[in-house]
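**Student:** Protein chains in written order, with numbering that gives the first Met the number 0: chain W, 0 to 370; chain V, 0 to 502.
Just to be clear, a hint being listed does not mean it is correct.
[Unchecked claim] Not everything, but these chain V residues come out facing chain W in the computed CB check (under 10 Å):
id, residue
1, Gly101
2, Gly114
3, Val345
4, Arg353
5, Val363
6, Pro494
Quick caveat, the hints were computed from the structure, so don't treat them as lab data.
It should be emphasised that the depicted structure is a prediction, and the values quoted were computed from it without experimental measurement.
Glycine included, every Cβ here is placed at the ideal spot set by N, Cα and C.
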Amino acid sequence: MPRPWRRRHLGTEADRATFRTLHSASLASPALREGLTTASAERSIRHLHDLLGSPALALTDTASALAWHGSGQHHVEQCPALAAATVERGSTRMFDRDDLPCDQPGCEIRTAIVSPLVVEERVVGTLQVFAAYPTAGLARAADEVAQWVSAQLELAELDASRTRLMEAEVRALRAQISPHFIYNSLGAIASFVRTDPDRARELLLEFADFTRYSFRRHGEYTTLAEELRSIERYLLLEQARFGDRLQVTLRIAPEVLPVAVPFLCIQPLVENAVRHGLESAEGGGHIRIVARDQGQECVIEVEDDGVGEDPDVVRRALAGDTSLDSTGLGNVDGRLRNAFGDDFGLVVETAPGAGTKVVVRVPKFAPGVHP
Amino acid sequence: MNLDAAPGIVAVTLVTIATLAIGTWGLRLSRTTSDFFVASRSVRPRLNASAIGGEYLSAASFLGVAGLVLTFGADMLWYPVGWTAGYLVLLVLVAAPLRRSGAYTLPDFAEARLGSRAVRSVCSLLVVAVGWLYLLPQFQGAGITLRSTLGAPTWVGPVIVGLVVLANVTSGGMRSITFVQAFQYWLKLTALLVPGTVLVAVWADDSTPFASGSDGWSVPIAAGGGEGLYVTYSLIIATFLGTMGLPHVVVRFYTNPDGRAARRTTLVVLALLGVFYLLPPLYGALGRVYAPELAGTRRSDALVLELPRIMLDGPVGELLTGLVTAGAFAAFLSTSSGLSIAVAGVLSQDVTGRPWAGRRLGGVSAFRLGAVVAVTVPCVVALAVPNLGVARAVGLAFAMAASTFCPLLLLGIWWRRLTPTGAIAGLLAGGVGCSVAIVWTLVVSRPDGWVDTLMGQPAAWSFPLAITTMVVVSLLTAARIPAHTGRFLVRLHTPEVLDLDRG
């Protein structure tokens, strides 16, 4: 009976060399996925050095050295010049003794192979391999490793642009609230100006406060208390329009009011609930907002007894299909996942004719999240 | 069942029903948007302070102090003094910055301040250790209470309280926990104040002379010369500095809306605890007059429960017994619930919520499993080691907190050069030092001798050890100071009213 898990059954020498290479690469990639900085270069260069096996290795940006690993540390001053020359050419270059003046006896660094790191067709830095003498194999290896590092940096760029996209979506959401709601609110307030001037004045002030909060420029996060205050103003304005047709029940545990939540992450859900709730039959709609304390987490539920929705449509909205009218559902879901991780996405319970319940879970503490 | 048990049973039942009722209806319910303001108003400092008091005043305060004062005399007053003064240190040095950090638990604070998962893991381990050490005497106190008032075997108390706490914690007993805990404080205060007043009146009427203080009973330093002095100072360090590291106290500060409210809350807590702690020593002193035979026995912890019956016959004595039993039961219930929630929270986040064998439990099931573990372990230990003094065991929990979390909080809030490596080294030095002392006390303890004294009250050497290690190792690893330290400290120390980019 063969025992396949024995160490010597892991494969031939060539197989094991491949495994070692892949392992070094996997160790280097998390740091590189943060982009090309001094910190990430220092963390990854050891593993890149393992891949190449040359006496020394350096990572630079276009103007200066970021990290050095191996012997001959005194050559680090020559890195910027090598980098500049390579950036100018845009492809792998070989440098010899003349480019690397050295007064240290016994220094084994005589040549350098420098490959550019290219992200989105732009050179962002170089990978510099130092050795005693150049070989075709080393040049090929340096080129391949540089291309792999470039690919990792490109992924880092992708992560960064995804974050920028999220921020853009928040800005878009701020702008998205405006048109219908502003028009309708002002219309409702106008209808009170003659009959009930005091109420009209109060509503106008509420409206001013609501827009100030919604169009606020700074800060990605806010407290649940602030978000609820804005929702209160929103509901007051909607009630001015719909009167008794819109009923609201609230159950808020005061313990969770200081929880930090992404800015405007509950308000769009309430807006959806109002719309769906009032689309239902003659009686008008009933909306329930609940915030519960659950140990390390806070659970927020927004529920309406309206027309409901086909679960497939909601699934598509959550997946980011913007053609649907569930305003911001996918956006809120994306921002929650971005802030707290994939465990904390939206949960939507709905069926045609059965109302809709949206559940948001928020951890009381998450690193880097504060109002 | 005999007739003596009736008031106890009635009291325990009433406390349980009241707790569940407030838990259910306390959640603010409003039906129109005009009540929105009420619904979204944060917890006021006074209410929050009552809740902290309710959660904090444990079996050790309610039962242990009176028994200790009866047996050992006035030097034991350092326990209530320290348990109150701990909040003074918390108020001055920790309350507001801790709230501004946004941390919910101590591991959260460590992670936010030092940006290191490793420090977080060490802190989680220590939260569980401190929590269990503190839960242990709660369950033992429950055994004493039910034996004293109902005549039940000692193992019944831990099992019953364990089950009630577990049911409460896992079935959503956390709902409106602030109101429940605030109610528990006022119940505990009433349960000591009313019988205390009656008993003092009886004593004044009785013209029984006060027991003489000639045997050193009224000297505020423990007997035994140098060792006694050491024990007293060690106790002061443990209680003054340990309060800030208690997991169930820290999570309550999160309920405050800002740093200023956190300070105000702490100030009110100081007043509430100051009033409460006047009462247990009174029972101790009265016990010395009316029940000197309890001193030094295992029954001394039950003094508060037995004193009304000893001093008064008939229905009044029974009624007062019922009242103090209710207070004692509230003490176990509130403190053990708070601690179990805190420990279960950490367990669910860092142990039961992690993927095991490819499967991963969801939030609620992970929390429930965490709660079962959090309650079962100390419950079993309480059954296995039934003879640990209630207040002494709590003292060890305080010593542990003082030599681990106190250095972390003080340096984390007030010192810019703290590094993750330094924090871990200090936490381990304090934690391991205290653990050795605790195991020694529980397993190999012999009376007398300096070694035993040092092991029985470790705080006076383990706190300096921990904080020195933290400072020295941080200075040695100065290159690893987290990059965001400056920004984070600005956020901790800037009042909320200042308009400032807190990054």
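**Student:** Does V/Gly101 pass the interface check with chain W, least Cβ-Cβ distance below 10 Å?
**Tutor:** holds, 4 Å
**Student:** Against chain W, with CB atoms and a cut of 10 Å, does the hint on V/Pro494 hold up?
**Tutor:** violated, 15 Å
**Student:** Mind checking the CB of V/Arg353 against every CB in chain W and telling me if the closest is under 10 Å?
**Tutor:** violated, 12 Å
**Student:** Would the hint on V/Val363 be counted as holding, given a Cβ-Cβ threshold of 10 Å to chain W?
**Tutor:** Holds, about 8 Å.
**Student:** Can V/Val345 be said to touch chain W, with a Cβ gap under 10 Å?
**Tutor:** holds, 8 Å
**Student:** May I ask you to test the interface hint for V/Gly114 with respect to chain W, counting a Cβ-Cβ separation under 10 Å as satisfied?
**Tutor:** holds, 7 Å
Checked against the numbered hints above, the structure breaks hints 4, 6 and satisfies the rest.
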